[in-house]
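Visitor: Spelled out, the chains give:
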Amino acid sequence: MAKKLGPLDIYRYLPKTNCRECGEKTCMAFASQLIERDVKLEDCPQLMKPDFAEKFHHLKEMLAPGVKEVTIGTGDAIVKIGGEEVIFRHELKYFNQTALALGVHDELEADALLKRVRYVNDFKFKRIGEELTLDLIAIRSVSGDPERFAQCASKVSAETGKPLVLCSYDPKVLEAALKVVGGKRPLIYAATKDTWKEVGKLARKYRCPVVAFADDMSELKSVASALRSMGIEDIVLDPGSNVKNLSSVLGKFVLARRAAILKDDKDLGFPLLGIPAATSAENGLEKTLKEVMIAATMMDKYADLLVLHTQEIWALLPLITLRQNLYTDPRKPVAVDPGLRSIGKPTKSSPVLLTTNFALTYYTVVSDLESAGIACYLLVIDTDGLGVQASIAGGQLDASKVKDAIKRVRLGEKVKHRKIVIPGYSARISGDLELQSGWKALVGPMDSSGIKEFIEKKWSS
Amino acid sequence: MKFDLTKLDELLKGAEELELENVDMSVGELELALSAMVSAAKRAEYRDLSFEALLMDFPGRVAEVELGATKANGGTRKNVVRVGGEKTLPFYNFEAQNPYRPVIAYDVFDMKVHLAGPVRKHFEEVLEDPAEWAKLCVKYGADLVTVHLISTDPTLKDTSAREAAKTVEDVLQAVKVPIIIGGSGNPEKDPEVLEKAAEVAEGERCVISSASLNLDYKRVARACMKHGHVVLSWTQLDINDQRTLNKHLLGLGMKKEDLIMDPTTAALGYGLEYSFSIMERIRLAALKGDGDLQMPVSSGTTNAWGAREAWMDAREWGDREKRGPLWEAVTALTLCLAGSDLFMMMSPTAVGLFKDTVESLSRPREVEPLDIGNWISMR
Ligand code: B12
Ligand code: SF4
Chain A
1085 MAKKLGPLDI YRYLPKTNCR ECGEKTCMAF ASQLIERDVK LEDCPQLMKP DFAEKFHHLK
1145 EMLAPGVKEV TIGTGDAIVK IGGEEVIFRH ELKYFNQTAL ALGVHDELEA DALLKRVRYV
1205 NDFKFKRIGE ELTLDLIAIR SVSGDPERFA QCASKVSAET GKPLVLCSYD PKVLEAALKV
1265 VGGKRPLIYA ATKDTWKEVG KLARKYRCPV VAFADDMSEL KSVASALRSM GIEDIVLDPG
1325 SNVKNLSSVL GKFVLARRAA ILKDDKDLGF PLLGIPAATS AENGLEKTLK EVMIAATMMD
1385 KYADLLVLHT QEIWALLPLI TLRQNLYTDP RKPVAVDPGL RSIGKPTKSS PVLLTTNFAL
1445 TYYTVVSDLE SAGIACYLLV IDTDGLGVQA SIAGGQLDAS KVKDAIKRVR LGEKVKHRKI
1505 VIPGYSARIS GDLELQSGWK ALVGPMDSSG IKEFIEKKWS S
Chain B
2 MKFDLTKLDE LLKGAEELEL ENVDMSVGEL ELALSAMVSA AKRAEYRDLS FEALLMDFPG
62 RVAEVELGAT KANGGTRKNV VRVGGEKTLP FYNFEAQNPY RPVIAYDVFD MKVHLAGPVR
122 KHFEEVLEDP AEWAKLCVKY GADLVTVHLI STDPTLKDTS AREAAKTVED VLQAVKVPII
182 IGGSGNPEKD PEVLEKAAEV AEGERCVISS ASLNLDYKRV ARACMKHGHV VLSWTQLDIN
242 DQRTLNKHLL GLGMKKEDLI MDPTTAALGY GLEYSFSIME RIRLAALKGD GDLQMPVSSG
302 TTNAWGAREA WMDAREWGDR EKRGPLWEAV TALTLCLAGS DLFMMMSPTA VGLFKDTVES
362 LSRPREVEPL DIGNWISMR
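Residue numbers (the working numbering), protein chains in the order written: chain A, 1085 to 1545; chain B, 2 to 380.
Just chain B, with the same shape it has in the complex:
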C-alpha cells in the first residue's frame, strides 16, 4: 500500500505527542499509527454525548392463554396460570413490559420410569404413585403439573384409555394447580387416550399434549373444544410444519387463546441451536404480526436429561449433582431468552436456578445501583 510520506509533517503538526519507541512496523501498521496521530491532532476530547436507544414497536402480540379453571369458571383449580401476551422479546423491559413470567410445569409419569440420579433422588418415594408425585411437585414450587400417560403405549403396559383417565382424575384430586395431560407419543393410541382424558377433566381447562401432524389431531382438537381445554400443537423443529399445524387447528375453529405450541426442544449440546433459532424466529414472526404463530411457546426442557453430559457419572466432567441441574437450567434459560413461555422440567435444583435468574431478569431497570466497579478488588 502506498502512503504519501510528504504529508507526514503536515499531519503530525499539532499532534499532542509522538511516541515511536521500538519502531518496528509494517507499512500498514505505520499507516494505522499515523492515522491515529492524525486524529489525535484533531484534538482528543471528551464530549457528553447522549445515547438514544433504538426501540422497536412491534405491531403483533402473542395471544394470552389461560390455563386451569377455578370454581368461578366451572373448574376446581385454586388458581389459574396465564402465559403469553408478549409485546416484545423476553425481558426487553426497556421497551415494553411483557405481562407474565415464564411458568414451570413439573413432569409426572403414570408408571415407574428411569430417571437420572440427580433427579431421581428428589422423587424416589413417589415414583409409583402419580398423585403423590404431583403433590410433591407442588411442594417444589410447580406452577403446573404434567401427567404423562406413557403406560398407555402398546409396547409398554398398554393401559386402557379408561384406566388412564382415572389417573388423571387422581391427579386432579391431589393437586389444585392447573394440569397438563400428555399421551405416550404413540400416534395410533394417543387420540383415544387424550379424548377420554379430556372428557373426565371437563371444565378444568387443562393443556392436552399433544396434537401433531402424525396423528389424528382433529380428534384431539375436537375433544378439547368440546370439554374446554387448551391444545398443545407439537411439531419437530420445523417452523413451516408449526405454521401448518396451527393453521389447521385454527381452521377447525380453535382460537389462538386455546393454543400453545411446542416446536421441540433439542437440549444443550444436542441441537440446542436448532430450537433456539426456531423459537426466536417464531417469536419474531409473532411480534411482526404472523397470526399463525402468535401462540405462547412450550419447551420440553426435560430433554436436557437425555444429554450424557447431564446424567453420566464421569469423573472428568465434575460432580453430576451440579452439572446435571445446570444442564437443564441453562437449556431452559437459553430457550426462555429465545421466546419460550412454559417449561416442562424435572429437577428442583434446576427450577430454582432458572427462577432465580428469571427474577433478576424481571427487575425494574432502576434498581439500587451496585458498586459495579468493586469486582476488580474483590478477594
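Bound conformation, chain A alone:
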C-alpha cells in the first residue's frame, strides 16, 4: 500500500449492497475494517462471485501490504514473515513478529546437533498468556561438502517440525539438501549476483522462498529483480549484516523499508533478514552480550527474520520480550476477560483476591498464585485493560466497580467468609470498598510475588 488508503477508496470497488453477509452493517463499515486489517476481502461473499472478479483483484492489489508476506515451511509448521504496511507501529501496528532462527552447522557432532535442534523444539516460554517460541533452524554449510550438508539437513529435518533455512553460497550444496528436504519448503539462503540463476531455478523447482543477498543496495535490488524476472515472488532480503558497523546495517534496513512502503518499490517489497549470529567470530561472553544488542537493534528497526547463534536463556529472554512488546497492538491494551477465576481447587473457606484485567497484570498474578500453590478465587475487574497502578490513577478501578463485580459473580455464594485481598497499590480504595460492599478489604503486598507470604501470615478464614 503505497499511499494511505481511506475507506472511500475501498468502498468504490465493493458491491455496495449493504447485505450484511460479511457481518458488518454496511459496505462502508467493511471498508474501514479492511483498512484496519480486521477482516479479509474473502469475508464478503458477494465479492467472491465471478461478476466481481475484476474488482476483487483490483482490491487485492490495492490492499497488498508494501512488504510482501512470505511463508516458510509447510503444513502446521509454517512461519509467516513480512506483511507489514507501516513504517512506525503507531501508524497502525506491526503484523508478523520477527521470526527467530537458531543456527546449527554440518560439522557439529551428532550429539551437539541434536541437542541444539531439540532446544529449539522444546523452547517454550510463557509470558502474559502467550507462548513465546523460537521459530526456525538455520543450517549452515561449514564443510562446503554437498553430501555432508544434505545429511545434516536430513538429520535435522527428521528431528524437528520447525521450518528450516538452508545456508550456503554454493548452488550445488543447496541442491543436495533440497533433494532431501525441499518438500518442506525451507528458506534458501542465498541467491547473489553470481548465483541468482542457479539458485533461482532451485527455488522454482522446489517452490521454496529464497533470500537475495548483496552488501550493496543497488546490487540487492538487482538480484531481487533478477529473481522476480524468473517469476519468483517469495523473496527475503539480506542487505548484509555487517555486525561491526551497525550504522550501515540500520541505514540499509531503514532505506529498504522506506522503499517498500513509501515508494512501492516492488523489488524491495520483501521481508528483511538480519544475522546477529555473524558475531560468532568473536569469543565467549562478550560475543553473546553483543549479539543480543545487535539483534535488538535489528528488531527495533524492521528485521523480519533473525538468525541467532546464542542459546543462552538469559540472552534470549530480553529478545523474545522485546519482540512481544513491539508487536502488541498499539490500538488496544492487551486485556483478558473479567470475571471470577478459580486457581487450584478452592473451597468455601479459600481466600479471595482481586486484580485487574490488564493481561500483564493478570498473568503475573496468576503465575505467582500457581507457583505458590495457593487454592483461591481471583476476582478480575474490568479496568479497560489497565494495570493496578494506572487504573487506580485514572479511576477505572474503584470501590463501586468492585462492589458490582462481587455481586455479579455471586461471590457471597462461593465462599462463606466476607474478606477480599486487594493489591497493595489499591490501598486507597479499601475504606470505600468496605463501606460499599460490606466485605473486609485486606490490603496485600505491592508486588504479587509477596502474596504467598502474605496469605501464610495474614489469612485465616
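No wet-lab data here; the hints were simulated from the structure.
The reader is advised that the hints may include incorrect statements.
Short derived list, chain A residues pointing at chain B, Cβ under 7 Å [claimed, not checked]:
{"hint": "1", "residue": "Lys1305"}
{"hint": "2", "residue": "Asp1384"}
{"hint": "3", "residue": "Leu1406"}
{"hint": "4", "residue": "Ser1433"}
Counterexamples of contact, computed for chain A against chain B with all Cβ distances above 12 Å [said to hold, decoys possible]:
{"hint": "5", "residue": "Gln1130"}
{"hint": "6", "residue": "Ser1426"}
{"hint": "7", "residue": "Asp1468"}
{"hint": "8", "residue": "Arg1494"}
{"hint": "9", "residue": "Gln1520"}
{"hint": "10", "residue": "Glu1537"}
No residue lacks a Cβ here, since even glycine has one placed at the ideal position from N, Cα and C.
Here the structure of chain A is known, so what remains is to put chain B with the ligands in place on it, guided by the hints.
Guide: Chain B with the ligands in isolation, oriented as in the chain A frame:
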C-alpha cells in the same frame, strides 16, 4: 478460480524449462506456478539497477541544550554536556548527521536504597555516601550524575530542604561532571526542595527534575530561571500532557534550550511499547516542526530494574548477572532508537554494552567492508 487452459500452450512457449515433477497442486497453486513460467518466458535476466534512497528533509530541528557550566560561564564544571540538535531520527546517518551522541547519567541516592543484586555489587561501599557514590559513577564513565533527594519524602526521612541542599553541594564538590538534581516525587514537598537545591547550585546549569503537572511546576520553573538551570518536564506516557506542560513552561518565559522532557520510561516487558511509540511520535512531531515538542528527551532507564526478569534470581531464566544488565541495556537501546537523548542508568555493565552499541551505530557508513559472507562457514 477459473483459469483459461487454452492459453497454456501459448504461455509456455519459450519458457526456459518446464519442471512439473510431483505435480500435486491446487488450481491456485497451478496458476501461480504458471504465472511464474510466464514471467520466465519473458526472459530471466539480471539488470544492473540503481537504488535511489528515499531521503527525508525534515523541516524541524530539536533544540540544543547545554548541561553544566564551566568557569567561563560562571560554574565549576570541568566540561559541559550537550544534547539535542537532531535533524533526523537517531543514527539515520545516511540522510543527516545528528550532532551529539546519547549521554549517560548515573543515579545516586541520598540514602541507602534497595538495589538489585547485579547493581548493588558495584556500589556496595558507597551506598551511604552520595558524594563518594557520585565519584564512583564518574569512574564508571558517567557523563552526568543524578542526585535523587528521596530522603526528603515525608514518609521516608522527611529530610529538610536545607539539609538536602547540603547533599547537592557535597556532590558538586565531589565531581566535576554536570549534575541532575531530583526530588523525591512527593508533589507537596518537591517544589520547596528543588527550589532550595537550585539556589545552592546557582550558576552550575544543573537539570532540575522535575516539573510535572501534579505539582507547583511554576515554582520549580521560576527557581530554575532565576538560578540558571535546565528544567526536566515530566509527564506520564501521554503525548498531549507532554505538549501541555511544555507549553506552560514556555509560557512562563523558558526557552526550548532550557528544557528537557521525560515522557516516562516503561521498561522492557512492562509497557516498553508505550514509551517506544510515545517517544517516536514526539521525535517525529519535533522534526516535522512542532515547537512544543522540540526538546531533547530523557529516559529513566533505571526503571528496567523494576522488572522481575531483571532482578529475580530465577534459575529458569538464566544467570541474572547477565540477564539484568541486558534488560537495562536493551531498554536503553530501544528507547534510544525511538529518540531518547539522555539515559539515567545504574548498571556499569549495561552502560558499557549500550555505549558499545551506540559506537557501532555512529560509525561513518563506509567503514572497512567486513567479509560478511563468511558467517556461513564460521565454526
Ligand atoms: C504502562 C503504564 C501505563 C499505560 C497503561 C498500561 C496498562 N495497560 O495498564 C498507559 C500509557 C495507558 C498509562 C496511563 C496512565 N498512567 Co501509567 N504507567 C505505566 C507504567 C509505566 C507501567 C505499569 C505496568 O504495566 N506495570 C506492570 C503491572 C503488572 O503492574 P500492576 O498492574 O500494578 O500489578 C502489579 C502489582 O499491582 C501487584 N498486583 C497486581 N494484582 C494484585 C493482586 C493482589 C491481591 C496483590 C496482593 C498484588 C497485586 O503485582 C503486580 C506485579 O508486580 C507505570 C510505571 C511503572 N514503571 O510502574 C505507570 C504508572 C502506573 N502510571 C501512572 C499514571 C499516573 C498514569 C496516568 C494517570 C497518567 C496520565 N498521563 O494520564 C494514566 C492513567 C490512564 C487511565 N487510567 O486512564 C503512575 C501511577 C501513579 C500512582 N501510583 O498513582 C505510574 C506509577 C507512573 C508514575 N511513576 O507516576 N500508564
Ligand atoms: S458482504 Fe459485501 S456486499 Fe454485503 S455488506 Fe458486506 S461488504 Fe457489503
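Visitor: Give a verdict on every hint.
Guide: Structure-based check of each hint:
Given hint, Lys1305(A) at the interface with chain B, holds; its Cβ is 5 Å from that chain's nearest Cβ, closer than 7 Å. With a cut of 7 Å, the hint placing Asp1384(A) at the interface with chain B holds, because the nearest CB-to-CB distance is about 5 Å. Checking Leu1406(A) against chain B: minimum C-beta separation of about 6 Å stays under 7 Å; hint holds. The restraint placing Ser1433(A) at the interface with chain B is violated, with a minimum CB-CB distance near 30 Å, outside the 7 Å limit.
With a least beta-carbon separation of about 16 Å from chain B, Gln1130(A) lies farther than 12 Å from that chain, consistent with its non-interface assignment. The Cβ of Ser1426(A) sits about 25 Å from the closest Cβ of chain B, beyond the 12 Å cut-off, so the non-interface label holds. With a least beta-carbon separation of about 15 Å from chain B, Asp1468(A) lies farther than 12 Å from that chain, consistent with its non-interface assignment. With 12 Å as the threshold on Cβ separation, the claim that Arg1494(A) sits away from chain B holds: the shortest Cβ distance comes to roughly 34 Å.
For Gln1520(A), the non-interface assignment is confirmed: its Cβ lies about 27 Å from the closest Cβ of chain B, beyond the 12 Å cut-off. With a cut of 12 Å on Cβ distances, Glu1537(A) stays outside the contact zone with chain B, its closest approach being about 15 Å.
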